[in-house]
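> Sequence:
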Amino acid sequence: MGKLAPKWDDHLQPSNYTEAIHESSISVGSNLHLSPAVVFISSPFRLIAARLHALLISQRHGCGRGKGTLGPRLTNTTHDTKTNTKNMVESRENEKNIGDYRIGRTIGTGGYANVKLGVHKTTGQKVALKLMSHDQLDSERLSLIKKEISIHSKIDHPHIVKVLDVIESESLTCLVLEYVEGKDLLDTLDDYPDAKAARIITQIASAIKYMHENGFVHRDIKLENIVVSKDGTCKLIDFGMAAEWNEKKALKTPCGSIFYAAPELMLGREYLGPKTDVWALGVLLYCMLTGSIPWAGDDNNQQIEHVLRGQWTPIHGASISMTSLLGGCLTVEEDTRLGILDVLEHEWLSSHRELKSPSRRKVVKRNYSGTVKDLVKKILN
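For the sequence shown, the working numbering begins at 76 and goes up steadily by one.
Misleading hints may appear alongside valid ones.
Calculated lysine to aspartate or glutamate pairs in the EDC-like style (CA-CA distance at most 16 Å, straight line) [as the list claims (entries may be wrong)]:
#1 Lys201 to Glu243
#2 Lys222 to Glu256
#3 Lys221 to Glu245
#4 Lys196 to Asp240
#5 Lys323 to Glu288
#6 Lys222 to Glu345
#7 Lys305 to Asp231
#8 Lys221 to Glu243
#9 Lys221 to Glu345
#10 Lys284 to Asp231
#11 Lys284 to Glu243
#12 Lys229 to Asp240
#13 Lys201 to Glu288
#14 Lys271 to Glu245
#15 Lys305 to Glu253
#16 Lys323 to Glu345
#17 Lys284 to Glu420
#18 Lys258 to Asp306
#19 Lys229 to Glu319
#20 Lys284 to Asp417
#21 Lys201 to Asp175
#22 Lys221 to Asp240
#23 Lys327 to Asp266
#24 Lys324 to Glu345
#25 Lys305 to Glu243
#26 Lys229 to Glu253
#27 Lys323 to Asp417
#28 Lys196 to Asp175
#29 Lys237 to Asp262
#30 Lys229 to Glu288
#31 Lys327 to Glu345
#32 Lys201 to Glu253
#33 Lys284 to Glu253
No wet-lab data here; the hints were simulated from the structure.
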């Protein structure tokens with residue numbers, strides 16, 4: 076099985092505030108953005124085209140061949156883009172306030188935004204301030220930012236970071252986000268015990284289910300986009316790639332992070348959206364259980380080939396139900412892949428939820444002296 080590679084910087088995509096809301100060392104994730112031209116490549120050449128394009132991205136962004144390791148984040152990445160967010164925000168260092176918030180230290184950086192810790196002047200509430208300078212953004216990217224804000228502002232779920240406010244001026248957009256004091260899953264990744272992995276997946280799957288039922292898809296589910304607070308609560312972040320979806324209109328934009336991207340995304344096919352989130356959730360679960368990605372191979376070429384064929388590395392000692400869940404999420408054909416409800420109702424997750432239930436049941440002492448009928452009534456009541 077392949078190891079998780081260090082993050083790749085990506086300025087091809089309009090989004091990334093993976094770094095937006097948690098207090099840790101952060102860099103931008105590696106997002107796959109295939110050329111629309113791939114859609115028109117005839118079938119025998121699709122595999123080659125997908126491999127070459129993904130390899131081009133890896134070389135362009137400095138990720139060499141070979142097995143990536145779970146090393147430190149690439150916090151000192153040099154961004155070869157027109158957007159220089161460090162200078163953008165440093166030019167505003169003298170502006171210590173924005174709206175009702177005092178601007179504090181930097182807690183995240185990205186390709187087109189800087190994220191600062193903010194404190195409400197009156198209440199003292201901590202927030203994450205995602206600052207985006209219009210001077211550094213073209214009209215297309217500004218439009219995409221507005222779309223991101225529009226979608227994220229409509230979402231309200233306990234396992235999704237909330238948008239608290241949006242502050243706009245002629246030169247700046249500031250997204251005020253719920254601040255989560257914790258770390259993302261990549262920072263804390265280990266081969267988690269089954270029960271812990273199941274607890275995390277259940278929380279994130281419930282957030283994804285909420286999105287799907289309300290007509291949205293996330294399209295960038297990955298370790299870096301899930302923050303875990305000190306009390307173990309998980310929050311899904313980064314809606315830069317989120318989109319509206321419905322059953323009558325297919326999506327066309329290939330996007331996501333390369334090791335989490337479903338085959339239909341890599342091949343440039345049209346897709347509905349929800350099943351791509353399920354695929355990424357399957358990769359996420361595998362990473363938590365093993366500390367590695369599911370795709371074997373000594374280089375990106377081999378790993379991508381395994382993705383396109385759905386050939387994930389079996390987990391030694393895995394239960395039948397765990398293997399069933401992973402296989403259902405990582406099914407190549409979108410139509411036969413599990414849906415998010417199937418995931419939440421799957422036997423593997425249910426079995427871990429049931430392990431907790433005895434502690435919540437009413438306890439009846441063994442020395443109860445009534446009749447069996449009375450005992451049954453007591454239990455039921």
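> Give a verdict on every hint.
Here is what the structure says about each hint:
1. Lys201 to Glu243: violated (20 Å)
2. Lys222 to Glu256: Judged against 16 Å, a Cα distance of about 27 Å means the pair is violated.
3. Lys221 to Glu245: holds (14 Å)
4. Lys196 to Asp240: At roughly 15 Å apart (the allowed maximum being 16 Å), Asp240 and Lys196 satisfy the hint.
5. Lys323 to Glu288: Since the Cα atoms of Lys323 and Glu288 sit roughly 15 Å apart, the hinted pair holds (cutoff 16 Å).
6. Lys222 to Glu345: violated (20 Å)
7. Lys305 to Asp231: Not satisfied, since the Cα-Cα distance of roughly 21 Å exceeds 16 Å.
8. Lys221 to Glu243: Distance of about 11 Å is within 16 Å: holds.
9. Lys221 to Glu345: violated (24 Å)
10. Lys284 to Asp231: Given that 16 Å is the threshold and the Cα spacing comes to 12 Å, the pair holds.
11. Lys284 to Glu243: Since the Cα atoms of Lys284 and Glu243 sit roughly 31 Å apart, the hinted pair is violated (cutoff 16 Å).
12. Lys229 to Asp240: Holds. Lys229 to Asp240 sits at ~12 Å (cutoff 16 Å).
13. Lys201 to Glu288: Judged against 16 Å, a Cα distance of about 31 Å means the pair is violated.
14. Lys271 to Glu245: violated (46 Å)
15. Lys305 to Glu253: Given pair Lys305, Glu253 holds - Cα atoms ~15 Å apart, limit 16 Å.
16. Lys323 to Glu345: holds (12 Å)
17. Lys284 to Glu420: Holds. Lys284 to Glu420 sits at ~12 Å (cutoff 16 Å).
18. Lys258 to Asp306: holds (11 Å)
19. Lys229 to Glu319: holds (11 Å)
20. Lys284 to Asp417: holds (10 Å)
21. Lys201 to Asp175: Given pair Lys201, Asp175 holds - Cα atoms ~12 Å apart, limit 16 Å.
22. Lys221 to Asp240: holds (13 Å)
23. Lys327 to Asp266: With Cα atoms ~35 Å apart, Lys327 and Asp266 exceed 16 Å; violated.
24. Lys324 to Glu345: holds (9 Å)
25. Lys305 to Glu243: With Cα atoms ~32 Å apart, Lys305 and Glu243 exceed 16 Å; violated.
26. Lys229 to Glu253: Given that 16 Å is the threshold and the Cα spacing comes to 14 Å, the pair holds.
27. Lys323 to Asp417: Measuring from Cα to Cα gives roughly 21 Å; hence the hint is violated.
28. Lys196 to Asp175: holds (6 Å)
29. Lys237 to Asp262: violated (22 Å)
30. Lys229 to Glu288: holds (13 Å)
31. Lys327 to Glu345: Given that 16 Å is the threshold and the Cα spacing comes to 5 Å, the pair holds.
32. Lys201 to Glu253: Distance of about 8 Å is within 16 Å: holds.
33. Lys284 to Glu253: Violated, because 21 Å separates the two Cα atoms, which is more than 16 Å.
Hint compliance for this structure: hints 1, 2, 6, 7, 9, 11, 13, 14, 23, 25, 27, 29, 33 are not met, and every other hint is.
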